[in-house]
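With these hints in hand, go ahead and build the complete structure from the sequences.
Following our numbering, the numbering of the sequence shown begins with 1 at its first residue and continues without gaps.
The set of hints was computed from the structure by calculation and includes no laboratory data.
Each hint should be verified, as a subset may be incorrect.
Claimed, not checked - Calculated pairs, EDC-like style, for lysine to aspartate or glutamate (alpha carbon to alpha carbon, straight line, at most 16 Å):
no. : residue 1 : residue 2
1   : K192      : D179
2   : K144      : E109
3   : K144      : E102
4   : K144      : E117
5   : K147      : E160
6   : K142      : E167
Stated by the list, open to error - For each label pair, taking beta carbons as the anchor points, the in silico distance ranges come out as:
no. : residue 1 : residue 2 : range
7   : D218      : S34       : 30 to 36 Å
8   : E223      : Q191      : 16 to 22 Å
9   : P60       : L129      : 20 to 26 Å
10  : L129      : F48       : 21 to 27 Å
11  : E223      : L129      : 52 to 58 Å
12  : D28       : E109      : 45 to 51 Å
13  : D218      : K142      : 37 to 43 Å
14  : F61       : L139      : 16 to 22 Å
15  : E223      : P106      : 28 to 34 Å
16  : K249      : C98       : 32 to 38 Å
17  : H112      : K143      : 19 to 25 Å
18  : P219      : N137      : 45 to 51 Å
19  : G164      : L97       : 19 to 25 Å
Glycine included, each C-beta is placed from N, C-alpha and C at the ideal position.
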Amino acid sequence: MTTLSPENSLSARRSATFILEKRNPPIDKAEWDSFFDENGHLAKSRDFICINILERGLHPFVRTEAWKFLTGYYSWQSSRDERLMVDSNRRRNYNSLCQMYEKIQPLLENLHGNFTETRNNIAYDIQRLYDKDPLGNVLIDKKKLEKTLLLSYVCNTKAEYQRGFHEMVMLFQLMVEHDHETFWLFQFFLQKTEHSCVINIGVGKNLDMLNSLITLLDPEFAEHLKGKGSGAVQSLFPWFCLCFQRAFKTFDDVWRLWEGILVSGNRVEACWLPTGPADGEALQKLPGAGGLQHATDGARAGASGVYER
Numbered sequence: 001m002t003t004l005s006p007e008n009s010l011s012a013r014r015s016a017t018f019i020l021e022k023r024n025p026p027i028d029k030a031e032w033d034s035f036f037d038e039n040g041h042l043a044k045s046r047d048f049i050c051i052n053i054l055e056r057g058l059h060p061f062v063r064t065e066a067w068k069f070l071t072g073y074y075s076w077q078s079s080r081d082e083r084l085m086v087d088s089n090r091r092r093n094y095n096s097l098c099q100m101y102e103k104i105q106p107l108l109e110n111l112h113g114n115f116t117e118t119r120n121n122i123a124y125d126i127q128r129l130y131d132k133d134p135l136g137n138v139l140i141d142k143k144k145l146e147k148t149l150l151l152s153y154v155c156n157t158k159a160e161y162q163r164g165f166h167e168m169v170m171l172f173q174l175m176v177e178h179d180h181e182t183f184w185l186f187q188f189f190l191q192k193t194e195h196s197c198v199i200n201i202g203v204g205k206n207l208d209m210l211n212s213l214i215t216l217l218d219p220e221f222a223e224h225l226k227g228k229g230s231g232a233v234q235s236l237f238p239w240f241c242l243c244f245q246r247a248f249k250t251f252d253d254v255w256r257l258w259e260g261i262l263v264s265g266n267r268v269e270a271c272w273l274p275t276g277p278a279d280g281e282a283l284q285k286l287p288g289a290g291g292l293q294h295a296t297d298g299a300r301a302g303a304s305g306v307y308e309r
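If you want it as structure tokens, here you go:
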């Protein structure tokens, strides 16, 4: 798990206060390379690197390799040669999974009713995805995107497929060069964020959190929703997600926030509260609020750089 150690978490929270006042440039390739010795082992502590990522972010030329450490694709204790071996093994395992999928696909189509429905949902989501930049250049390969999502659905029975996964995988596809990297980074990212991304684990908790936030911020509206039945808050959830997405101007903004989440190890839904700096008393009114004060102090380091530009 890529999180700050307890003895350094206080330092990370305090450092967040100075982010807007002291704008250091993001970690570039030369500085990233300086974090490792001649054999590729860490020359700096993991906490030192994580705090710098939290405070300053990553240059695009560094992001691909750094994310492999942040998600667990690579071990922080590995050497350069060991990482080459890991990457080779992941490529081979990915190819084996693809071959397995091709063999069992006819069986899935005939015997697994949910497979056809999920494949249609994936195709529908990808069809609606805008895949070009402002100049009309194609950014993503939709066929590869569909392949990754279907393979993930078949192999990751806990996460399955959920609406929005197509956009997440698109961001990984834009970040890395090879298909096996896209697939495995997505799998490791889901493991890190399953408490929010996996429907049977985290979505219910997110709805409870959203309901509590509405109650805290607008009690009158909360009472109105109660009169509309148990599904009212759930029906509003996509609207809140859309408003949240519109706050991001570029893909870099999304990656920056995700890096704050991965480094701090905080709950995804607690990494940014719409109230801005919230006092501890208000936060304690929310369910599971024991770690929320830490989240708003620490992970806002990743979010504040996005929202305060």
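Tested hints:
no., hint, in the structure
1, K192 to D179, "violated (20 Å)"
2, K144 to E109, "violated (20 Å)"
3, K144 to E102, "holds (14 Å)"
4, K144 to E117, "violated (19 Å)"
5, K147 to E160, "holds (14 Å)"
6, K142 to E167, "holds (11 Å)"
7, D218 to S34: 30 to 36 Å, "violated (49 Å)"
8, E223 to Q191: 16 to 22 Å, "violated (39 Å)"
9, P60 to L129: 20 to 26 Å, "holds (22 Å)"
10, L129 to F48: 21 to 27 Å, "violated (38 Å)"
11, E223 to L129: 52 to 58 Å, "violated (38 Å)"
12, D28 to E109: 45 to 51 Å, "holds (48 Å)"
13, D218 to K142: 37 to 43 Å, "holds (40 Å)"
14, F61 to L139: 16 to 22 Å, "holds (18 Å)"
15, E223 to P106: 28 to 34 Å, "violated (53 Å)"
16, K249 to C98: 32 to 38 Å, "holds (35 Å)"
17, H112 to K143: 19 to 25 Å, "holds (22 Å)"
18, P219 to N137: 45 to 51 Å, "holds (49 Å)"
19, G164 to L97: 19 to 25 Å, "holds (23 Å)"
The structure fails hints 1, 2, 4, 7, 8, 10, 11 and 15 (numbered hints given earlier, in ascending order).
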